[in-house]
Amino acid sequence: MTGTPKLLLASGSPRRLQLLAQAGLEPDSLLPTSVDESPLKNELPRSLAKRLARSKADAARAMAARTPEFADAYILAADTVVAVGRRVLPKAEFHDQAAECIRMLSGRSHRVYTAVCLLTPNGAVRQRLVESKVRFKRLGRQEIETYLGSGEWRDKAGGYAIQGLAGTFVVKLVGSYSSVVGLPLYETIAMLDGEGFPVRKGWLGPA
Numbered sequence: 001m002t003g004t005p006k007l008l009l010a011s012g013s014p015r016r017l018q019l020l021a022q023a024g025l026e027p028d029s030l031l032p033t034s035v036d037e038s039p040l041k042n043e044l045p046r047s048l049a050k051r052l053a054r055s056k057a058d059a060a061r062a063m064a065a066r067t068p069e070f071a072d073a074y075i076l077a078a079d080t081v082v083a084v085g086r087r088v089l090p091k092a093e094f095h096d097q098a099a100e101c102i103r104m105l106s107g108r109s110h111r112v113y114t115a116v117c118l119l120t121p122n123g124a125v126r127q128r129l130v131e132s133k134v135r136f137k138r139l140g141r142q143e144i145e146t147y148l149g150s151g152e153w154r155d156k157a158g159g160y161a162i163q164g165l166a167g168t169f170v171v172k173l174v175g176s177y178s179s180v181v182g183l184p185l186y187e188t189i190a191m192l193d194g195e196g197f198p199v200r201k202g203w204l205g206p207a
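Going by the numbering used here, the letters in the sequence shown line up with residues 1 to 207, in that order.
Hints were generated in silico from the structure; no laboratory data involved. Values in this document were obtained by computation on a predicted structure and should not be read as measured data. Check before you lean on any hint, since a few could be wrong.
[Stated by the list, open to error] Here are the simulated DSSO-like pairs of lysine-lysine, each with C-alpha atoms no more than 30 Å apart in a straight line:
id: 1; residue 1: Lys41; residue 2: Lys133
id: 2; residue 1: Lys91; residue 2: Lys133
id: 3; residue 1: Lys201; residue 2: Lys137
id: 4; residue 1: Lys172; residue 2: Lys133
[Stated by the list, open to error] Computed Cβ-Cβ distance ranges for the label pairs, DEER-style:
id: 5; residue 1: Asp155; residue 2: Pro121; range: 27 to 33 Å
id: 6; residue 1: Lys41; residue 2: Ala190; range: 30 to 36 Å
id: 7; residue 1: Leu30; residue 2: Ala190; range: 20 to 26 Å
id: 8; residue 1: Ala65; residue 2: Glu37; range: 19 to 25 Å
Each residue gets a CB set at the ideal place from its N, CA and C atoms; glycine is no exception.
Between the sequences and the hints, there should be enough to build the whole structure, so can you do that?
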């Protein structure tokens with residue numbers, strides 16, 4: 001491989017893109033994938049997150065293989081799962097789904113699992129799983145209804161976005177804030193750095 005290696009993000013998530021930008025990285029291309037995110041029978045939340053991150057990375061690699069300039073690219077994928085005990089909460093698409101999630105999370109702790117999968121140009125596969133514990137305050141009926149009316153919950157795991165309005169519900173967070181948002185920065189940068197990607201090349205600005 002010659003020149004600066006390329007980085008492909010197997011996601012169309014604005015949140016993951018913003019987190020990479022925070023770390024000084026800009027993917028060369030976004031390759032959002034479509035994989036079935038339904039849990040398998042008796043599949044634990046952590047196992048689901050790892051499986052989906054790997055599936056997204058593999059799907060993106062298959063897409064990248066059709067473009068010669070991406071043949072030697074690093075491919076980064078991630079998946080975030082919100083769970084109460086063994087129960088995986090959905091990515092809320094409908095008002096009723098979001099309402100059920102928020103009422104379940106009110107006044108209790110839950111866990112957020114974000115798995116990251118990195119495929120390297122030399123064929124290596126690196127994976128990390130980050131587990132964080134989040135506790136919500138007890139929410140009143142009016143608070144819940146107002147939040148649901150905001151629409152912020154749409155397509156969010158567990159029906160909320162910690163970086164948005166729902167951040168006001170969080171009493172305690174033990175773990176990685178960036179992981180709860182959708183991409184654990186420390187682990188992601190450590191994996192890329194360990195596999196030879198120039199993670200700090202853009203820190204000093206244009207040459």
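Which earlier hints can't be squared with this structure?
3
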